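Enquirer: Chain by chain, the residues run as shown.
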Amino acid sequence: MKRGYSFPMVFGGTVIAATLLCALLAPMILGYSDDIVMTRSMRAPGAEYWFGTDNLGRDIFVRTLSGARNSVIVGIGVAGLTLLIGTAFGLLAGYFNRLDGAIMRMMDGLMAIPGVLLAIALAAILGSGLYTVVIAIAAPEIPRTARLVRSVVLTIREMPFVAAAISVGSSTPKILLRHILPNAMPALMVQATFVCASAILTEAVLSFLGVGTSPDIPSWGNVMAGGRQFFRVAPWVILFPGIFLSIFVLAINLFGDALRERGDPMLSGRRA
Amino acid sequence: MARFLLWRLLSTVPVMLTVLVVIFLLLHLGPGDPAATLAGDNATPEQIASIRARLHLDQPLIVQFAIYLRQVLSFDLGVSVFSNRPVTTLILQRAEPTLMLATTTTLLSVIVAVPAGIYAAKRVGRFGDYVVMGLSAIAFSVPVFVLGYLLMQSFAISLRWLPVQGYRPLSAGLMACLTSLTLPTLALTCLFAALVARITRATMLDVLAQDYIRTARAKGAGRFRILIVHALKNIGVPVVTVVGTSFAALLGGVVVTESVFNIPGAGRLTVEAILTRDYPVVQGVMLVFAVILVGVNLLVDLSYTLFDPRIRHGGAR
Amino acid sequence: MTDPLLEVRDLRVAMNSGRTQVLRGVDFDLAEGRTLCLVGESGSGKSVTAAALMDLLPPHARIDAATMTLGGRPLAGMRRAARDMAMIFQDPMTSLNPVLTIGYQLREALQLKERVSNDVAHARVLDVMRQVRIPDPATRLAAYPHQLSGGMRQRVMIAMALIRRPRLLIADEPTTALDVTVQAQILWLLQELQRETGTAILFITHDLGVVAEIAHDVAVMYAGRIVERGPVGEIFRDPAHPYTAGLMAATLDHRTANDARGERLVELPGTVPVAGEAIPGCAFAPRCAYAVAACATTPPEWRSLTRAHGAACPHFRAQQMAEGIAR
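These protein sequences, in sequence, are chains A, B and C. With the numbering used here applied, the first sequence corresponds to residues 57 to 328, in that order. With the numbering used here applied, the second sequence corresponds to residues 38 to 354, in that order. With the numbering used here applied, the third sequence corresponds to residues 992 to 1318, in that order.
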């Protein structure tokens, strides 16, 4: 069952690779031609404009492809930031008993606020740049990662090789980073895929509600947000970026699931 | 049992305290003067100064937090900057649609997802399993608002079966209310049911591999009996847990769904408040949602005692 | 001797839809009121044999037997509830459902087999609980498994088996998970119950100490086959298969180390062949000190020593005798 490459792995991998390629190359190939041309506004999808145009006459196909770039940046950025901070908290809470209670209660408190709501509020307060949006989305994701890392640390630190490392005088940071962290990596990689997927969805929601990145930084979310008012007459403005986003998120989720299934048996079945 | 209750109640105190700190600090996170932020872009210096004084923004942070805490504990969530009305009143006015939507979605999700998850577990590795898991993966990957618009486009605009947007309150009749909630509930259920189905399946697989299921088989219990009597009660705890923990995702989804379908609920109130920079309202709604979430998780923990005699008798798990 | 209660001839089981052969032709009989111990290392096929009799194998397993009858009725295709047998499992901690009361689980065992009213069932439950010496049965009815000790739970498992008044009781390592003192109590209880009810017991174990205490007859399994079979006294006194002899020597060694538990106990040089491997000759040949060239290629012939005692090894006895003469 775990031999070779399963369908989800191949599908997920291919879509992810293709999207990353688009994200990298689209601006060069298309020459960023999402100009505002009022004379061609609200065209239905057809031979000329494959995905139609929006109210300002911008080509949705071009905007969808170039939107991939910022959505991917948000996804990867949030995954990276979450992992970095979440891992730090998790390591500290898991290894130092004194910090455990304080850190984990803080994480519980953060988790008690619905994630999307916290992200919306943070995004509204911090402003609508790409990086502030990344921070706003990452904040609610941190507790889950911290919990995951902590649970791994709690298991690993009881293992003989940790006692051995301590007995030969390894420093605490070295034990944490060299002996304990690598054991948490497989679970963290899986977690990273899920955070990335959920971040792309959250970014879309933020843009949709009007607190995401500003419209001159196209992302799948704010391309769709632009079509909100005209949904009844021009549904394609939401539909096509929505389909792209969904397929990409689906690919990441499937890839993450496949990763988890092949992963370390010790970590499988553990719910973050 | 009583000790478990007491311990569980006490454990919510630090959590709520953290929530309050986070919500309180939110206002001070942004760049610039919070009083100016609150007053809006076109405010005169006098207006800003009056807001600063009214909200005690001229005091040290710790004093401000103490004042905030005292207010909250006396159920005073402040006054809306935009409409000058108490935040509690605003939230109560908007509570009904949100509660209705959350309830219908939870019910529908459990009704759909628990059997689907059990079915997938029974057919694990076969076609039925792939269908359920595939659908749940897809439902999980489509943004709620895209789903909402798709449903709206097909069932309301093209087929004209259901109202496009808006909400009919309960006072207009239960049927009218439920009809207006059909599409939002469907959209939100897709997301929520996907979560519940996945966990139900995983838990069911765990349970079906247990020794006591083999014992039941050895007795000659049929498939149905094994499922209903021997397995279902054992998946109660994890499934209720996932319903509780995904409730956060549900509340987040409510915010979005209410905006898509123009439902005047607490979620929509938040979005309006954020767009008008009405921070007391934003903080108020966040606090109320957090209290609901903590409360739901408290209920979930208490419901464990219904399902699991080991917890009921205070034994080790 | 009258007709045996349980008759098994050439029982074969293959897992993974027939690809992995785990039982390669098992023959044995079991008479009413007797206890047969199936002995062997883990992986030898003891538990698979029991599971095949109880129809508890996973769906991908293929069962195939020339004869498999209980009281003259073929077991193949018979509903589990209709089988005149019951089974006790290894771990009483996990084999009882944690969320159902003891009373419910006992009553269910009865009512799945016989259509009796709840009143009658209640009385029978209390009877059987007394029979397995559970003190204060009326209050224990409402108890959940976690409120009982390991020994008590195994008594409940036994009661659950007995309440159906089975003609055959299968016990799959029922004492392995218990403390030594509790182990002795449970063995004693099983023997008492057998005297009272006359049930036949198929007892699966890897512990020769347990065998010595409870068995009338012994069947030694190796790699999916029975390699030696006979009355317990004869087998202990006079093993006719090198594997049996090795098992006993290994057990004696370990007994001195005072470790009466754990599957690791019987440790012989070499390893059990992988299930599913094709074995043309004797499966034990690679580990056997007495093996000759032919052992690896031709199936070993069955040699009877007495009417009831025999082994699948034509060389061992001959060589031992030769050694005895030489000495």
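No lab work stands behind these hints, which were simulated from the structure alone. Since the model is a prediction, treat every value here as computed from it, not as a measurement. The beta-carbon is built from N, C-alpha and C at its ideal position, and this holds for glycine as well. It is possible that some hints are incorrect.
Stated by the list, open to error - Far from chain A by the CB rule (all over 12 Å, computed), these chain B residues:
#, residue
1, R91
2, T125
3, L264
Stated by the list, open to error - Straight-line distance between alpha carbons at most 25 Å, and here's what the computed SDA-like set of lysine to any residue pairs gives:
#, chain 1, residue 1, chain 2, residue 2
4, B, K270, C, L1139
5, B, K159, C, P1049
6, B, K159, A, A100
7, C, K1104, C, R1186
8, B, K270, C, T1085
9, B, K159, A, R318
Enquirer: Work down the list of hints and note, for each, if the structure agrees.
Expert: So, going through the hints one by one against the coordinates:
At the 12 Å boundary, the C-beta of R91/B stays outside the reach of chain A, the nearest C-beta of that chain being 20 Å off. The claim that T125/B lies off the interface holds: its Cβ sits roughly 18 Å from the closest Cβ of chain A, which is beyond the 12 Å cut-off. Once the 12 Å rule is applied to beta carbons, L264/B is consistent with being away from chain A; the minimum gap is 21 Å. Of the supplied pair hints, the one linking K270/B and L1139/C holds, its CA atoms being roughly 20 Å apart against a limit of 25 Å.
A hinted pair counts as satisfied when its Cα atoms are at most 25 Å apart, and K159/B with P1049/C qualifies at roughly 13 Å. Between the alpha carbons of K159/B and A100/A the distance comes to roughly 46 Å, so the proposed pair goes past 25 Å and is violated. Proximity of K1104/C to R1186/C is assessed by CA-CA distance (about 23 Å); at most 25 Å being required, the pair is judged to hold. A C-alpha spacing of about 16 Å is found between K270/B and T1085/C, which places the hinted pair at or below 25 Å, so the restraint holds.
Pair hint K159/B plus R318/A holds up; C-alpha atoms about 22 Å apart against a cutoff of 25 Å.
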